[in-house]
Amino acid sequence: MTAVFAALADPTRRRIVERLTRHGETPVTALAEPFHVSLPAISRHLRVLERARLIQRKRDGRVHRIRARRDGLQDAQKWMAQCAAIWDSNFDALDELLKTQQRKEKRR
Amino acid sequence: MKSEVKIEGNRLQVTRVFDAPRHLVFGAWKDPVLLRQWWGCKDTTKVECEMDFRVGGSLSYKMNITGAGEFSYTGQYDEIVEPEKIACHWGFGAATMRVSVEFIEQGGRTKLILTQEGFPDQSMCQFVSQGTDEAFDKLDRLLVCQEA
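Sequences listed follow chains A and B, in order. So that you can map any letter, position 46 of the first sequence is 46 in our numbering, and since no number is skipped, the others follow by simple counting. So that you can map any letter, position 131 of the second sequence is 131 in our numbering, and since no number is skipped, the others follow by simple counting.
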């Protein structure tokens, strides 16, 4: 999972994944266009994403088609959701504390 | 789940509205005596924290989680704008978590927006998955909320 987060730490790679999730399978050349980066640079990003199992490459002759891997993101999202649950639980306790403080302030 | 949760790539945003004025909500993050009272999950029995609440100041937490043992992490405050914003980061094993908290006034109530950017390693994942029942219960509820 460390590889997943390292891969997603880069904003360009994050946008690549978002784009693939929205538009489905896309040829590498079309993928490079909106990001204003060279084809070799996109290839490097794609290799990182591939290693993190966030994308899948299909070779169709000379055309490489890329698609997002749903399962790759699942573990990371589960982890994030657990963090969210912990914050929510902390905030429940904070809510209680604030209520107590306000009751005390009113009594004064 | 009373908080609103948004997950985008490696970025987590948790938003919650507290029925209390902003100075009180901010104060609960500033004062270690208060922070100790709400920090940590339900199974946390002992929270110790030391904090030097100023930009560049250090913060350290130590807590005991029933059935999981003792955990500690240390970090630093990167930005403090009282009573609007706190940004800090902390290390946990080889991982670094960056957290920023914004406090927005809403007619006597306070909207808190917490943004966490995390790069977990194995130890961090283990830590978060401790006390699993509670976390998974909440996760289930969270997912149901998101679907609805």
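Keep in mind that a hint or two might mislead.
Said to hold, decoys possible - Computed spacing ranges between beta-carbons, pair by pair: (1) B:Q106 <-> A:A6: 48 to 54 Å; (2) B:G56 <-> A:L39: 38 to 44 Å; (3) A:S38 <-> B:E82: 17 to 23 Å.
Unchecked claim - Part of the chain B face toward chain A, derived, beta carbon under 8 Å: (4) K2; (5) V5; (6) N10; (7) V14; (8) A20; (9) L24; (10) Q37; (11) F103.
Rather than coming from a laboratory, the hints here were simulated on the basis of the structure. Built from N, CA and C at the ideal position, the CB exists for glycine as well.
A quick look at each hint next to the structure:
1. B:Q106 <-> A:A6: 48 to 54 Å: With Cβ atoms ~37 Å apart, the hint is violated.
2. B:G56 <-> A:L39: 38 to 44 Å: The hinted range 38 to 44 Å holds for B:G56 and A:L39, with Cβ atoms some 43 Å apart.
3. A:S38 <-> B:E82: 17 to 23 Å: Taking Cβ atoms as reference, A:S38 and B:E82 lie about 45 Å apart, which means the hint is violated.
4. K2: It holds, given that the least Cβ distance between B:K2 and chain A is near 7 Å, below 8 Å.
5. V5: 4 Å, holds
6. N10: 4 Å, holds
7. V14: 5 Å, holds
8. A20: Holds: closest Cβ of chain A sits about 4 Å from B:A20, inside 8 Å.
9. L24: Hint on B:L24: holds, closest Cβ of chain A at ~6 Å, below 8 Å.
10. Q37: Since chain A brings a Cβ to about 5 Å from B:Q37, closer than 8 Å, the hint holds.
11. F103: Nearest chain A Cβ about 12 Å off; hint violated.
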